[in-house]
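Asks: The residues making up each chain are set out below.
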Amino acid sequence: MAQIGEVFRWQTVAGRPVTLHNRTITPLTQVLALRWPQGGFVWNRPVALLIEQDGQVERVPVLDITRLVQVALFGCAIFVLLATFWLPRFNKEKTR
Amino acid sequence: MSEQTNGLGTYSVKNHEQAMAVLGRLFAVAEPGSVYSAPVSVGEQTVITATEISVGLGLGYGGGASQTGDNGGGGGGGGGALGRPVAVISVGPHGVHVEPIVDPTKISLAFFTMLGAIFIAWGRMKKASRR
Numbered sequence: 184m185a186q187i188g189e190v191f192r193w194q195t196v197a198g199r200p201v202t203l204h205n206r207t208i209t210p211l212t213q214v215l216a217l218r219w220p221q222g223g224f225v226w227n228r229p230v231a232l233l234i235e236q237d238g239q240v241e242r243v244p245v246l247d248i249t250r251l252v253q254v255a256l257f258g259c260a261i262f263v264l265l266a267t268f269w270l271p272r273f274n275k276e277k278t279r
Numbered sequence: 179m180s181e182q183t184n185g186l187g188t189y190s191v192k193n194h195e196q197a198m199a200v201l202g203r204l205f206a207v208a209e210p211g212s213v214y215s216a217p218v219s220v221g222e223q224t225v226i227t228a229t230e231i232s233v234g235l236g237l238g239y240g241g242g243a244s245q246t247g248d249n250g251g252g253g254g255g256g257g258g259a260l261g262r263p264v265a266v267i268s269v270g271p272h273g274v275h276v277e278p279i280v281d282p283t284k285i286s287l288a289f290f291t292m293l294g295a296i297f298i299a300w301g302r303m304k305k306a307s308r309r
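Chains A and E are the protein sequences, given in the same order.
Each residue of the first sequence is one higher than the one before, starting from 184 at the first, in the working numbering.
Each residue of the second sequence is one higher than the one before, starting from 179 at the first, in the working numbering.
Just chain E, same shape as in the assembly:
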């Protein structure tokens, strides 16, 4: 059984073999077909999107027997996936163009991190010069 609700997916597996099958499916992401989309043609232009993908998954399980002879066991797992568009490739009669996709949010966050580092550095330098 699998469910997908607003990007949050749950998947229940019944045994070790099924868990390993899920893990095996994770490595399908390593294929180039998962990064480049299928070509979409609009008029004379054909568009292919290129996406960066990262996926991680971990599983754990265990079991045992109590002194009364009852057996028990359980397991769990978790993972995450991230996809980020990198470029749009347009192919037409006049050539192939690779248009990069810029993420201003990520760049702004990195910029403010750098600004923070500069302010910390400036503060330290000021303190050091007073001594």
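With the rest of the complex left out, here is chain A:
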């Protein structure tokens, strides 16, 4: 958890537990909150579920497949672009 006064907050927050079919489910979210005198920004995303049954607690992640694929593809694009900027320089230095 990170918090700098009221300006910046980055933390995992547990929601209200719900009991369904003898299981207690506690939802977890991750919050990024930025606040300045005349505005603010909040980003809140689901992270995981804590499932308690018969005294045992299991953590089930809530995966954001769309975001994971997006990040992977953008990462590949950036890597390819950087490699083309870097490779010719590397080859030039090698041939000298």
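Hints listed in this document are in silico derivations from the structure and should not be mistaken for laboratory results.
Treat each hint with caution, since some may be false.
[Unchecked claim] Now the in silico label distances, taken between C-beta atoms and shown as ranges:
id, chain 1, residue 1, chain 2, residue 2, range
1, E, Gln245, A, Val254, 53 to 61 Å
2, E, Gly202, A, Cys259, 48 to 56 Å
3, E, Gly234, A, Thr207, 33 to 41 Å
Every residue gets a Cβ at the ideal spot worked out from N, C-alpha and C, and that includes glycine.
Since chain A is already given, all that's left is putting chain E on it; use the hints.
Replies: Below, chain E without anything else, positioned relative to chain A:
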């Protein structure tokens, strides 16, 4: 007064205090209750949706007096909100299942961006090899 028309909302505030109240309400989005929906039961199954939410808001105002002694002031603000479904959680007698929701449009856009980057890179490599 507030209006909501086809997803476009307008909200008028009369003074600084009301503006700050609107800003305070923005931070209600930081609560987990805004991400996970209330459970909906259908037969033995109970469904909860998980949504990613981002909200931004900015306000500005000012005022002054002219040489003739007239006072004036004004302000404005703007913001935006985005919600995207991430997963559906189904709870039944046989267990808890988290079904991810995949957005093919976003993935295709990222894929074509990557393809574009590869073509640019390929072009640069071809140019460099000719020299």
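Asks: All the hints need checking, so say for each whether the structure fits it.
Replies: Evaluated hints:
1. Between Gln245 (chain E) and Val254 (chain A) the C-beta distance comes to about 57 Å, which sits within the given range of 53 to 61 Å.
2. Gly202 (chain E) and Cys259 (chain A) have their C-beta atoms about 42 Å apart, which leaves the hinted 48 to 56 Å range violated.
3. The hinted window of 33 to 41 Å between Gly234 (chain E) and Thr207 (chain A) holds, with their beta carbons roughly 34 Å apart.
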